[in-house]
Amino acid sequence: MSSDTLDATKRARTSSPDAGPAPKKQATEGAAPVASTDESASAASAASAIAAPDLGLKTDASAEEVAVALSIPEVPTAGGSGAKPPRVDSRDTRKGEGTKRLPKKRVALLIGYCGTGYSGMQIQPKEATTIEGDVFDALVKAGAISADNATDHRKVDVQRSARTDAGVHANGNVISLKMIVEPPLPEGVKTLTEHVNSFLPDQIRMWGFVRTMNSFQARTACDSRIYEYLLPSYCLLPPKSKDSICVRLNQSSPGWRDGLGSAAEFADAGQDEEAVDAETLTPAKKGEYERRRGWRVDEGTLARFRELVKQFQGTHNFHNYTVGKPFNDKTVKRYMISLEVREPKVYGEIEWISVRIHGQSFMLHQIRKMMSLAMLACRTNSPPSLIAETFGPKRIHVPKAPPLGLLLQQPQFKSYNERIKQKIGGMQEDRDPVDFTVYAELMETFKVKWIYERLRQDELETNIFQKWIRQVDCSSSPAFSFLNSQGIIPPEAAVSTGKKDKSKDTSGTAPAGDDGVDSDEEEVDAEALRKGELEG
Numbered sequence: 001m002s003s004d005t006l007d008a009t010k011r012a013r014t015s016s017p018d019a020g021p022a023p024k025k026q027a028t029e030g031a032a033p034v035a036s037t038d039e040s041a042s043a044a045s046a047a048s049a050i051a052a053p054d055l056g057l058k059t060d061a062s063a064e065e066v067a068v069a070l071s072i073p074e075v076p077t078a079g080g081s082g083a084k085p086p087r088v089d090s091r092d093t094r095k096g097e098g099t100k101r102l103p104k105k106r107v108a109l110l111i112g113y114c115g116t117g118y119s120g121m122q123i124q125p126k127e128a129t130t131i132e133g134d135v136f137d138a139l140v141k142a143g144a145i146s147a148d149n150a151t152d153h154r155k156v157d158v159q160r161s162a163r164t165d166a167g168v169h170a171n172g173n174v175i176s177l178k179m180i181v182e183p184p185l186p187e188g189v190k191t192l193t194e195h196v197n198s199f200l201p202d203q204i205r206m207w208g209f210v211r212t213m214n215s216f217q218a219r220t221a222c223d224s225r226i227y228e229y230l231l232p233s234y235c236l237l238p239p240k241s242k243d244s245i246c247v248r249l250n251q252s253s254p255g256w257r258d259g260l261g262s263a264a265e266f267a268d269a270g271q272d273e274e275a276v277d278a279e280t281l282t283p284a285k286k287g288e289y290e291r292r293r294g295w296r297v298d299e300g301t302l303a304r305f306r307e308l309v310k311q312f313q314g315t316h317n318f319h320n321y322t323v324g325k326p327f328n329d330k331t332v333k334r335y336m337i338s339l340e341v342r343e344p345k346v347y348g349e350i351e352w353i354s355v356r357i358h359g360q361s362f363m364l365h366q367i368r369k370m371m372s373l374a375m376l377a378c379r380t381n382s383p384p385s386l387i388a389e390t391f392g393p394k395r396i397h398v399p400k401a402p403p404l405g406l407l408l409q410q411p412q413f414k415s416y417n418e419r420i421k422q423k424i425g426g427m428q429e430d431r432d433p434v435d436f437t438v439y440a441e442l443m444e445t446f447k448v449k450w451i452y453e454r455l456r457q458d459e460l461e462t463n464i465f466q467k468w469i470r471q472v473d474c475s476s477s478p479a480f481s482f483l484n485s486q487g488i489i490p491p492e493a494a495v496s497t498g499k500k501d502k503s504k505d506t507s508g509t510a511p512a513g514d515d516g517v518d519s520d521e522e523e524v525d526a527e528a529l530r531k532g533e534l535e536g
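Each residue of the sequence shown is one higher than the one before, starting from 1 at the first, in the UniProt record's numbering.
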């Protein structure tokens, strides 16, 4: 008889509610004297007679017969002809349910979302509505995350390749986690992706998922990110001839408006506005806003903007494009792989210009400050050489462009995908690369409908870009004197390190452009900022 059968027989005898106590070694302090051998045998026989009727067995039944009566399958010994039964493991059953738990696999979840109305990407312990929170709940409802793990995302090791702040959008982002990849699907539902999307709002889409290596982490495996920044073309219109910044430019750079052509004429044709827009939209402001929306960028202005943006490409010292980092900090050196200014497109009544920024990594505020300086230099006819000056040791104040136009296009996993193709590390199973290419058409449709349309609506309702431009144009601060025809940074534009940041000054002489746009695409704590963490 096998050892498993003997163990089963012992459990049957000791667990039977009618079985008597074990016949041997029953003596304890104060107990009756130990019975003789004959008495012990009689007691054991009586106990067997009591237990046998409940099992439907004779009193002299063998251990094998007892095991059969208890429905305990006998495990065949070596050379046996019977099939080995499946192993029963208590870890494979849900507590109190008795249903087999489906295995979890590590995957990369490919998603896209419009961030409007959300408190950012990353799931939060407090009661805040986040993108990850809604995705996690949808996975639970779809059966991709078991009930045991439904209350704590850490149990399935949720990570993201890029964090985005409140209201910021992503056409592509990646979440890594361990999930059930083949849960039961309702009748008529073909894929898990379709099932998960049925539990998500339309402004969040799961594009698909791929099985990954067990060591895959979305954040650490991501080796570059592609962002997109959209700006209305009227942000490139020059300031009006009566604006404060224009008066200063006339003194430092005589003739700076020469060659601006129709753009300068269009700017001066509008009505005068207050220095800083109040909450109440006056008829004059409304009329001027509507007039500017009708402008379409000319070839000369667009070419000038493209040349300025091109200067950011390569490895440079971006200390002027973040906060709290000096020129000699090692973390301010960043590599911009490519930048592209695409052809303008009209959505509704506004013409938008898309700038595609592909970088190895980004610092806090970096993209918004880069776009800000490119816009300001273009509209003041400052030369491209100014960009190179900002990579030097002089510290200047570059206001952040509105966060409204920023979106994460997609993270990149080039190194990881190469490992997958070469099966480095002794991988036995095939793994697909983490790549959005197959979803390109769906993503473009989603971006136009849910992200571009939201940008257009927000600008129509709030005039964020128009107000930001007016703040800069009406500022009399010498901090903007780096905008000039010579492409130099004069002493009055330099910010002394260690002094209070002038951008926090609320007086009329403080540099404008940051009021009301302190939001960022990523929440970064002090430790992360010290280490030069990424924007995404």
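Read the hints as simulated data drawn from the structure, not as lab findings. Just so you know, not all the hints are guaranteed correct.
Claimed, not checked - The calculated label-pair distances, taken between Cβ atoms and stated as ranges, are:
1) Q251 - K414: 46 to 54 Å
2) S385 - P103: 55 to 63 Å
3) K423 - Y347: 26 to 34 Å
4) K333 - E418: 20 to 28 Å
Positions of the beta carbon are idealized from the N, C-alpha and C atoms, including for glycine.
Exercise for the section: Mind listing which of the numbered hints don't hold for this structure, in increasing order? Expected result: As far as the earlier hints go, only 3 is violated by this structure.
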